[in-house]
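For chain R, the structure is supplied; the task is to place chain H on it using the hints.
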Amino acid sequence: MERAQLQTLLYVDDEPDIRQIVQMALGLAPGLSIHTGDSGEHALSLARTLRPDLVLLDVMMPGLDGPGTLTRMRTDPALARIPVVFMTAKAMPQEVARFRELGAAGVIAKPFDPMKLAQQVFSIWETIPVAVLT
Amino acid sequence: MTDGEEQLREQVKILGEKFLLRTADQVITLRTQSQRLRAGDREALGVIQELSHKIHGSGAMFGFADLSDRAGEIERLIVAGATGDDTIDCLDALIDQLGVALEATRSNR
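If you read the protein sequences in the order shown, they are chains R and H. In terms of our numbering, the first sequence opens at residue 8 and continues consecutively. In terms of our numbering, the second sequence opens at residue 1048 and continues consecutively.
For reference, chain R alone in the conformation it holds in the complex:
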């Protein structure tokens, strides 16, 4: 079975500066359509509309945080299979293990190098089992 291409990505972070950097950084990857949201609730509504291939979630957001958003996605049949990657300043092994247990496909540490972000995202994408993406 062939791996689907990563074409549509949703990035969610309450910090507008970081959203802008991520959008530009991932915009360097040809053929990738990037959408952004500013909260966990916004992520859920955008994900239902866009059905992205991958969701990048900031962990610490006011209101519904990243892990809370992932939990809600997993209980929604329309969103349950969309892979989620966390972005966090708390990328210590214990935290990463906790995010993995929640079902995250990967974790990207903040601060990240904008020049290498697209490469990091595509590397994680390659690790997601094809069966999950179909």
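In short, the hints are calculated from the structure, not lab data. Just so you know, nobody snuck in bad clues.
One side of the interface only, derived from the structure: several residues of chain R facing chain H at Cβ under 10 Å:
hint, residue
1, Asp21
2, Asp24
3, Ile25
4, Gln27
5, Ile28
6, Ala32
7, Gly34
8, Leu35
9, Asp65
10, Met67
11, Pro69
12, Ala96
13, Lys117
14, Phe119
15, Pro121
16, Met122
Some chain H residues judged to face chain R by a derived CB distance under 10 Å, without partners named:
hint, residue
17, Met1048
18, Gly1051
19, Glu1052
20, Gln1054
21, Arg1056
22, Gln1058
23, Val1059
24, Phe1066
25, His1100
26, Lys1101
27, His1103
28, Met1108
29, Phe1109
Predicted, not measured: the structure shown is a model, and the values here were computed from it. Ideal Cβ placement from N, Cα and C applies to all residues, glycine included.
Chain H alone, transformed into the frame defined by chain R:
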């Protein structure tokens, strides 16, 4: 370097300048919130944590390590949960240090 990469670097630099301007206002807000906390208003805790978290994360993102570290210390102090006078004295000292780090960062640019 491609045009896109060049634009990205330029954009990060511009956003970094805006971040420093915004942080100056946020240091003032942190001082106000510390006064609220000293007066017994625990809602100030949430504001201080949110602001310090943003400065910590975005500061690191823009390469302002000292600024980010100072904000991280404030965030950790608040997350630890104590709200006694000693803690608020410590908070005020950390906010002062954040202000000094901000001025140093701005004058070095």
